[in-house]
Amino acid sequence: MSAKAPSRSSDHEKFSDEQSGYRVNTADPDAEFGGTEARKVLEKKLLWKVDCRMSILVLIYILNYIDRNNAGAARLRGFEADLRLQGKDRMIPVGVKGN
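In terms of this note's numbering, the sequence shown opens at residue 1 and continues consecutively.
These aren't lab readings, by the way, just hints derived from the structure by calculation. The C-beta atom is built at its ideal place from N, Cα and C for all residues, glycine as well. Hints may be right or wrong, so weigh each one.
Unchecked claim - 20 Å max Cα-Cα, derived EDC-like pairs, lysine to aspartate or glutamate: (1) Lys49 - Glu37; (2) Lys40 - Asp30; (3) Lys49 - Asp28; (4) Lys49 - Asp67; (5) Lys40 - Asp51; (6) Lys45 - Asp30; (7) Lys44 - Asp67; (8) Lys40 - Asp28.
Stated by the list, open to error - FRET-style restraints, in silico, Cβ to Cβ: (9) Phe33 - Lys88: 21 to 27 Å; (10) Asp89 - Met54: 23 to 29 Å; (11) Met91 - Asp30: 52 to 58 Å.
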């Protein structure tokens, strides 16, 4: 009854190879992307997309901050009286612009 238990790593490797149907080339990890140069080009494109989207998000964040400060400043300068707002009516223009 001294059966040797199979090692887990070899079982996992056999299972993953049987399921996937291909072996990964460990000699060149960039081979999947067409080589080192092709991977660099893909990374550059990806970074460009991320940079463009992040710059737009930063701009929206800054404009949102300025807009919120303007609403508070306008209230102090009397925009409720100018628009004839009473009570909770002042929340309508602030709610329309979004939170």
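Structure-based check of all given hints:
Proximity of lysine 49 to glutamate 37 is assessed by CA-CA distance (about 19 Å); at most 20 Å being required, the pair is judged to hold. Under the criterion of a C-alpha separation no larger than 20 Å, the hint pairing lysine 40 with aspartate 30 is consistent with the structure, at around 10 Å. Between lysine 49 and aspartate 28 the alpha-carbon distance is near 26 Å, which puts this suggested pair outside the 20 Å criterion. Distance check on the hinted pair: lysine 49 and aspartate 67 sit about 27 Å apart at the alpha-carbon level, beyond 20 Å; violated.
A distance of roughly 16 Å separates the Cα atoms of lysine 40 and aspartate 51; the hinted pair therefore holds under the 20 Å criterion. In summary, the hint linking lysine 45 to aspartate 30 is supported, as the alpha carbons are separated by about 16 Å, within the 20 Å threshold. For the suggested pair lysine 44 and aspartate 67, the alpha carbons sit about 35 Å apart, so the restraint of at most 20 Å is broken. Among the hinted pairs, lysine 40 with aspartate 28 is consistent with the structure: their alpha-carbon atoms are about 14 Å apart, no more than 20 Å.
For phenylalanine 33 and lysine 88, the hinted distance range of 21 to 27 Å is not satisfied, since their beta carbons lie about 58 Å from each other. For the hinted restraint 23 to 29 Å between aspartate 89 and methionine 54, the CB-CB distance of approximately 38 Å leaves it violated. With their beta carbons about 56 Å apart, methionine 91 and aspartate 30 fall inside the hinted range of 52 to 58 Å.
Of the numbered hints listed earlier, those contradicted by the structure are 3, 4, 7, 9 and 10.
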